[in-house]
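**Student:** Given next are the chains, with one letter for each unit.
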Amino acid sequence: MARVVVDVMLKPEILDPQGQAVQRALPRLGFTGIADVRQGKRFELELEGPVDDAVLARIREAAETFLANTVIEDFTVRVEEEAK
Amino acid sequence: MTTRVGVVTFPGSLDDRDARRAVRLAGAEPVALWHRDKDLHQVDAVVLPGGFSYGDYLRCGAISRFSPVMDTVIEQAKLGMPVLGICNGFQVLCESHLLPGALTRNDSLHFICRDQKLRIENNGTAWTRDYAVGQEIVVPLKNGEGRFVADERVLDELEAEGRVVARYLDVNPNGSYRDIAGITNAAGNVVGLMPHPEHAVEPLTGPTTEGLGFFTSVLKQLVNA
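These protein sequences, in sequence, are chains A and B. Residue 5 is where the first sequence starts when you use the numbering used here, and the numbers rise one by one after that. Residue 1135 is where the second sequence starts when you use the numbering used here, and the numbers rise one by one after that.
Hints may be right or wrong, so weigh each one.
These stretches of chain A come out as covered by chain B in the derived footprint (C-beta under 8 angstroms, 3 or more residues) [said to hold, decoys possible]:
#	stretch
1	34-44
2	66-73
Just the calculated beta-carbon pair ranges, DEER-fashion [unchecked claim]:
#	chain 1	residue 1	chain 2	residue 2	range
3	B	1136	A	29	35 to 43 angstroms
4	A	78	B	1305	46 to 54 angstroms
5	B	1258	A	64	33 to 41 angstroms
6	A	30	B	1136	42 to 50 angstroms
7	B	1305	A	69	34 to 42 angstroms
8	B	1269	A	52	25 to 33 angstroms
9	A	15	B	1290	39 to 47 angstroms
10	A	62	B	1202	19 to 27 angstroms
11	B	1175	A	69	50 to 58 angstroms
12	B	1303	A	29	49 to 57 angstroms
13	A	83	B	1176	47 to 55 angstroms
14	B	1213	A	78	28 to 36 angstroms
15	A	46	B	1294	37 to 45 angstroms
16	A	83	B	1213	39 to 47 angstroms
Keep in mind that the hints were calculated from the coordinates and are not lab data. All residues carry an ideal CB built from backbone N, CA and C; glycine is no exception.
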């Protein structure tokens, strides 16, 4: 069993008004020194079996076609842990 | 034979009834289509209505785009069938890659609901031939994620090919690049529009009746075809 994490972020050139709103709220709460905030999505995929290159390739395909909209978003895929 | 215009209902669609009503007022026969049914029931054109299909989960339109009915809509759109996506329908068309770009969160972060002035920029599409180029119309607009974005190359291409169908006038309500309210594909049969012409077809309920032209346009297009 393995967990694969797909992180999806808006591309740097796409305005992230949610991240901006969070950034503006931080100093009001006393959290200073934060220059920029970008908000994204994290998908945790629990696999039924072990992870190998073929499985990862399929997950990248899922990320590319479905989990992310590559017109506006970038994604990364990584194996987080090998559970016993 | 009466022209049949299908209106797809996804789980979470809101404006499917208004769209069917607009189709009827324009003189065509509205046909309700169901998201799980691949069969388009011999319709001549399809409207993807506004709403919050699949709760806008993942991204607006991202899950609807893979529904069984969309397999057929995408296939037929590529063969030239007129398809109009309004609001959430526009998002579905972008997610389907039938139209370029994407629709993102309004720059203000607020859900905007207002009567919006638009300028028709292209009357060569299947859905705009009853308008004049430069004609100004007022129809309702209501969206939280209506900000049209695309990279500079795509925007320049859309402008150069005259594929901007409508632009926001006076106010840009959501931060859309280049005030874009609607675009078309290269063939002119697929149109995506963020504001709601189907809510401006009767004096009793709309700010104007200037939205009806989208629905009468497609009728004329199909009759002359």
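**Student:** Now tell me, hint by hint, if it's right for this structure.
**Tutor:** The hints, checked one at a time:
no., hint, verdict
1, 34-44, "violated (count 0)"
2, 66-73, "holds (count 3)"
3, B:1136 x A:29: 35 to 43 angstroms, "56 angstroms, violated"
4, A:78 x B:1305: 46 to 54 angstroms, "32 angstroms, violated"
5, B:1258 x A:64: 33 to 41 angstroms, "40 angstroms, holds"
6, A:30 x B:1136: 42 to 50 angstroms, "59 angstroms, violated"
7, B:1305 x A:69: 34 to 42 angstroms, "36 angstroms, holds"
8, B:1269 x A:52: 25 to 33 angstroms, "57 angstroms, violated"
9, A:15 x B:1290: 39 to 47 angstroms, "18 angstroms, violated"
10, A:62 x B:1202: 19 to 27 angstroms, "22 angstroms, holds"
11, B:1175 x A:69: 50 to 58 angstroms, "28 angstroms, violated"
12, B:1303 x A:29: 49 to 57 angstroms, "34 angstroms, violated"
13, A:83 x B:1176: 47 to 55 angstroms, "49 angstroms, holds"
14, B:1213 x A:78: 28 to 36 angstroms, "33 angstroms, holds"
15, A:46 x B:1294: 37 to 45 angstroms, "39 angstroms, holds"
16, A:83 x B:1213: 39 to 47 angstroms, "42 angstroms, holds"
Hint violations for this structure: numbers 1, 3, 4, 6, 8, 9, 11 and 12, all remaining hints satisfied.
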